[in-house]
Amino acid sequence: MTAAPALVLAGATWPAARAVTWAPVIVADGALVLVAALTRRAPEDGTMPALACATTAAACVFALHDRGEVLLAAVPTGPMRRRLHRLSIVVAVAAPAWLLMRAVMPGIRGVGVLPVLALMTAGVAAAVWAPSPAVGGAPALPLLWVTADSVVSGSLGPAGDVLGWWRAEPWIVLVSALLAILAGRHR
Amino acid sequence: MTVLAPLVATRRPSRVVLALGRIEAHRMLRHPVLAGGLVLSGVHGWLTLRFPDDWSGARYTVAPMLLGPVMIAISMAVAGSFHRERTELVADAPVGEEVRAGGRVLGGLALVALVTLIAAVAAIVIRARGGLDLGDAPGRTLHAQFALTEVLQQPSLAVLAVGAGAAAGRRLRSHGSALLLLFTAWFPTIYVVWGFQGRGVVPFSIIQLQPVSLPITTQAADPSQYPASWLLSEPGEYQSGWMRLFTSGSLAGWHDVYLLGLAALLLGVALPRGPRVVLVSAGVVAAAVGVTMQYLVIP
Chain A
1078 MTAAPALVLA
1088 GATWPAARAV
1098 TWAPVIVADG
1108 ALVLVAALTR
1118 RAPEDGTMPA
1128 LACATTAAAC
1138 VFALHDRGEV
1148 LLAAVPTGPM
1158 RRRLHRLSIV
1168 VAVAAPAWLL
1178 MRAVMPGIRG
1188 VGVLPVLALM
1198 TAGVAAAVWA
1208 PSPAVGGAPA
1218 LPLLWVTADS
1228 VVSGSLGPAG
1238 DVLGWWRAEP
1248 WIVLVSALLA
1258 ILAGRHR
Chain B
2 MTVLAPLVAT
12 RRPSRVVLAL
22 GRIEAHRMLR
32 HPVLAGGLVL
42 SGVHGWLTLR
52 FPDDWSGARY
62 TVAPMLLGPV
72 MIAISMAVAG
82 SFHRERTELV
92 ADAPVGEEVR
102 AGGRVLGGLA
112 LVALVTLIAA
122 VAAIVIRARG
132 GLDLGDAPGR
142 TLHAQFALTE
152 VLQQPSLAVL
162 AVGAGAAAGR
172 RLRSHGSALL
182 LLFTAWFPTI
192 YVVWGFQGRG
202 VVPFSIIQLQ
212 PVSLPITTQA
222 ADPSQYPASW
232 LLSEPGEYQS
242 GWMRLFTSGS
252 LAGWHDVYLL
262 GLAALLLGVA
272 LPRGPRVVLV
282 SAGVVAAAVG
292 VTMQYLVIP
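These protein sequences, in sequence, are chains A and B.
Here my numbering = 1-based position in the first sequence + 1077.
Here my numbering = 1-based position in the second sequence + 1.
Read the hints as simulated data drawn from the structure, not as lab findings.
The model shown is predicted, which means the values in this text are computed figures rather than measured ones.
Don't take each hint at face value.
[Claimed, not checked] Covered stretches of chain B (in silico footprint by chain A; criterion: 3 or more residues with CB under 8 Å from a CB of chain A, positions within the stretch not fixed): (1) 27-37; (2) 84-91; (3) 177-187.
[As the list claims (entries may be wrong)] Selected chain B positions facing chain A (Cβ under 7 Å, derived; list incomplete): (4) TYR192; (5) VAL193; (6) GLY196; (7) LEU280.
Ideal placement from N, C-alpha and C gives every residue a C-beta, glycine not left out.
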């Protein structure tokens, strides 16, 4: 008798959680707290929220990296199912940490959850669609996007507006990225 | 693509370091993150040229942070190189870690050379075009030039970027952690740079923006009564009275010493035990001297 996929994943949760590379999540959160403390007197101009969203999103995408990918290619649970399973484990830890930081750090107080979700799903979509040699670069997408937005600061016409969508219109980014993930579900 | 180092006699470690340095330089210069950093810095530079002309001093003040994305990219590329020190292959390498690290640092210096070239060309272009505007009348100039030590801040920052990348890449087990730590450390130093412009904290800033605004204790009714050599900033949205804009080649020079001290400290953290003590000690001393002298230079 074959177990249902949901049961298989539920049984695999603890081993998968142990296999996740947690260090980027811990380092990102620790560094954010430190930087926020050091820059607490700096004028608030949206830089800290951008940094917090970018690093949190990138840390979650880093956690998608599966060291046992080749070994697990033979199991009947597909790569997308395993990818989302890992992501849900990481988000279950990263989300409370994010909400706690948002509550106690003046620099990122009031930042919505949607921008970080938008950046994270964009990174996941990049990981799904990137050709295999470039998959490792997917976590760089949130970092690159936020840096480009900070450089341009909305002063490049329509292109500058699009770069600011992750914070101004996160729904557009979120839905587009989810559609891209859905379209690549067999990858 | 895997690049194999040519087999060289280990009796001449300097030749091995040079050979490894050449390979590392090629890899780092072709790193995609460097191309991204150069593009972003180029866009930022182009946007700076389009600043409105009535915003006096904007181009002079913003110029030192334009290569910020390149600095992040240098740190990430160097971190990638030093993180390869953790691969299992190194156990079979015919040369020791000191030699390999020397090659990696030498490769990183190619990126420093690139930054030096960009900064030199920019300084020459600004000089050829007669300089930039700075200050508000009556304390205003249209021909502000960067001192040599201000230009040298860019290569010093690049050396610091190499040191930071080396330390994070070598000492953190996870490559992702190293990249995120570097990004989190560099991003505010570039985009919250305004927060480090105050008189009390400017010596500790990583990217130092000049001029430093100094409050004038005795406000004159007529600003033309202030010394003619002073650059001035008029009262406005962010200040109630006139401020003196202080620029100094010495301040920039001691800030370069501070940056190179930090770079030596971080390189010491990355390198094996032999050179570590020397570099960390020299770095701490240089950084402390640099900060102290900056405080002495600011009036």
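Right, here's what the structure says about each hint:
1. Using a Cβ-Cβ cut-off of 8 Å, 3 residues of the segment 27-37 of chain B lie near chain A, which meets the minimum of three, so the contact claim holds.
2. Counting residues of the segment 84-91 of chain B whose beta-carbon sits less than 8 Å from any beta-carbon of chain A gives 0, not enough to reach three: the coverage restraint is violated.
3. Under the rule that three or more residues need a Cβ within less than 8 Å of chain A, the assignment of the segment 177-187 of chain B holds, with 8 such residues.
4. A hinted interface residue such as TYR192/B counts as satisfied when its beta carbon comes closer than 7 Å to some beta carbon of chain A; here the least separation is about 5 Å, so the hint holds.
5. Restraint check, VAL193/B versus chain A: the minimum CB separation of about 5 Å is within 7 Å; hint holds.
6. Below 7 Å, beta-carbon pairs count as interface contacts, and GLY196/B has one with chain A at about 3 Å; its hint therefore holds.
7. The beta carbon of LEU280/B is not positioned within 7 Å of any beta carbon in chain A (closest approach about 24 Å), and the interface hint is therefore violated.
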